[in-house]
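**Student:** On the provided structure of chain A, position chain B as indicated by the hints.
Chains as they are written, first to last, in this note's numbering: chain A, 51 to 432; chain B, 5 to 521.
The hints are simulated quantities; they were obtained by calculation from the structure and are not laboratory data.
Some clues are possibly wrong.
[As the list claims (entries may be wrong)] Pair by pair, the computed Cβ-Cβ distance ranges are:
hint, chain 1, residue 1, chain 2, residue 2, range
1, B, 136, A, 196, 40 to 46 Å
2, A, 193, B, 18, 24 to 30 Å
3, A, 92, B, 29, 40 to 46 Å
4, A, 269, B, 393, 22 to 28 Å
5, B, 29, A, 364, 32 to 38 Å
6, B, 18, A, 195, 28 to 34 Å
7, A, 99, B, 18, 52 to 58 Å
8, A, 314, B, 251, 44 to 50 Å
9, B, 251, A, 316, 53 to 59 Å
[As the list claims (entries may be wrong)] Stretches of chain A that chain B covers, calculated by requiring three or more beta carbons in the stretch to come under 8 Å of a beta carbon on chain B:
hint, segment
10, 132-140
11, 322-336
[What the hints assert, rightly or not] Below, a sample of chain B positions facing chain A; criterion: calculated Cβ distance under 7 Å:
hint, residue
12, 14
13, 18
14, 135
We put the CB at the ideal spot given by N, CA and C, even for glycine.
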Amino acid sequence: MTALEHATEVVDPVPGTGAPHLPEQPDSGPEFVQLLTPEGERVEHPDYAIDVTDEELRSLYRDLALVRRWDVEATALQRQGELGIWASLLGQEAAQVGAGRALAPDDMAFPTYREHGVAWTRGVDPLHVMSLFRGNDMGGWDPVATGVNLYTVVIGAQTLHATGYAMGLQRDGADAAALAFLGDGATSQGEVNEALIWAASLSAPVVFFCQNNQYAISVPIERQSRVPLYQRASGFGFPGVRVDGNDVLAVLAVTRAALARAREGSGPTFIEAFTYRMGAHTTSDDPTRYRMASELEEWKLRDPIARLKAHLARAGIADAAFFDAVDAEGDELAVRIRTGTLEMTDPAGTEIFDHVYAEQTPDLERQRAEFVAYHASFEGEK
Amino acid sequence: MTSLRQFRLPDVGEGLTEGEILQWLVAVGDTVVVNQPLCEVETAKAAVELPSPFAGTVTELLYEVGTTVDVGSPIITIDTSGGKVDVAPVPDPAAGDEPEVEAGLIGGPAPGGRTSVLVGYGPRNTEAKRRPRVTGSAAAARATAPQVLPGADYGTGVAEKPALLPDQPQRAPLLATAPDMTVKPVRHGGLEVGRQTEANARDELAPTSRRAAPGRGAPRPLAKPPVRKYAKDLGVDLATLTGSGPGGVITREDVDAATAPSSSSPSSPLTSPGSRQEGAVVRGTAGEQRIPVKGVRKHTAAAMVASAFTAPHVTEFLTVDVTRTMKLRTRLAARPELAGVKVSPLLFVARAVLLAARRHPMVNSSWDEAAQEIVVHGQVNLGIAAATPRGLVVPNIKDAGSLPLAGLAGALADLTATARAGRTAPADMTGGTMTITNVGVFGVDTGTPILNPGESVILAFGAVREMPWVHRGKIAVRQVTQLALSFDHRIVDGELGSRFLADVGALLHDPGTALAF
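Looking at chain A on its own, in the form it has when it is part of the complex:
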């Protein structure tokens, strides 16, 4: 099948004047990597095999379930006025957990603002993410210790950071790779294309992991790309793979292979994780204004957690007690997140001076002293 044949029909080139958005249905051909069907059946793929233990399968399920519980709680907290905004990952758990679990300890992830599942698999405390969305700080976790860079809200900018980081790895001779996350909308950004060109030119050890959740806020992917996104990679000169983004096993296998390829010096890979954002773009968005309810219902049948649960239950890998335990753990996590979020206090004003440079400069010290003196000039200050 050629790229042209595969090109999606241009739907409604002038917004609001044409046919409703009809999401493209991936076929089941060799170009679409799937190892676990929506019904929970294990299938084989000629290029991507995966050998996972029962224990690994259960822990994958646990990760998926817990990040969803976190997401639900965070959405509720935003509705209660406790977060400024929240970017929900609902429906994209498998893409994120699969990619995050594919990372080796020395690898570095460069997330957007939605990769809570990646942060979770790398051991970032959810409360650090919550404090960012609460507006208390810019995300307080240690990127070096966790292997997760701070969230990047500027669309696509992190792809350049990741590529630059990968060039550094290359020069250090490190046995590690960078994993850049991006969305389908970001592929229309100039810097993303620059990153792809740099990565290709220098064979940088970076993997571009694009979660195609079908919408750039409200703009459907058909309006942004005339070809499936993974095919764009060939134009830049490196492989592109489309994986079922709701299949955690396939995502894990494909991302592992791409990272291994990067580490061995064979250059970048573009992964298109074909998935669906079941919630709103953020809590400020109302998806019912631009997409059909039937579309969401259709995607619910491909739910990433339900299919793994079905597989675990059918294969006898997990029983009801296991699932109940995970649910209970999720509720505990939710309480911890809620409590921790509500207990957050406003940061001290002087914190703005603390992380500008690794070491304090005399000029900053002076400004800090002025700042403190200024605030001390008011009554009621300590």
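**Tutor:** Just chain B now, with coordinates in the frame of chain A:
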């Protein structure tokens, strides 16, 4: 003891100020758990369900369905003391130790004198209050604080503003010296900052501009790039100027001032709008040129307006096969009496017009409005429209009808050469009786010429082209041109004009016709 908590309408969508209650999903008396949907609210951005932040019993719904509620207003009261609590209630840090359900403030006081609002909330319910200043001990604190801040430092601006507030007149300014109010404030995103910054910059820049004075080995005079370009275009040497801008920077006005005295010299054709003068191009907005109307242009404009609005014009067109005339032109050019003169197609057109005018003397006439007479001229003074560097001029050949062909050719050559050289005598441009305009030299087929004022006909002569043409019953490649005749309908009726034009065409089609005239 009851423990009543109120849930205030949050800003669910980044910067919203209100929302409409679409429906209540709970009723008074209901037991609710944390995250149980309480109501549906529609905002400018979305319709959303609001989940309960508390577990307990609903005691009050504060707004009816359909009400638009300001963000921050309590919408529901929940008793969190009794009943079965499914999820442990979480202390609300915003509420702190304050009594439950306190109207007014969103939360308790927070560091920095701010109300401890919930993150992402919109407007406060309270009036903004200015924090009281420390009086006594503050002076000591200030003494230890840095006073004079060198260099560009936006921190200065921050510290400066409270010092200027009118409600603290007794308070000494943080700056060691009072701010220099004569310095223009710099605006950064609407904030007035850098009064001091600019003063500092001025001090630093001033010596530079002095160094830039000529004779001091100046590196480069200070000016912004557009001003440099402007000066370069005008041929103004920036090193000879003294800047009047901040820090001695040379401004556009400085450049204008430098050019004003010498604006008439060829090196500086541009002048400022204030010194508009004849010959000057006045520059307005980007790319726009304003050209004073004068000289030939002014005369042309006046003549054309006068003609167009006094003489009712009619224009007729005729396409003519001039192949025979062109052949004749080649034969005649070889004759000794025409040696040394240019035998142009225009020569034959002029000759044809003169011959046809002899048959139709009424076309060689003028309308005398004052005398209410038509003046039929005794001779043809044939005007030839000439494009010259100064503009359109129409010199005429006096009594052209009396000239032999060689004489007419010589007169045409002289007339156009003289006109292009700009040396046409005024007398040569007056007294014309009819005109030919040779638009064909520009590669144009035809047009609708406007009469030279006082004349009754004008003929436009188009380009001579090789065209497919029916010649002796067959399609042949022939040399074809178009003639357009405009005439003053007050004097010349359609019949006369048509006959005149047809005669001109017949003469050009077959020069032998002249023998019959």
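**Student:** Please name the hints from earlier in the document that this structure breaks, with their numbers sorted from lowest to highest.
**Tutor:** Hints 4, 7 and 8 not satisfied by this model.
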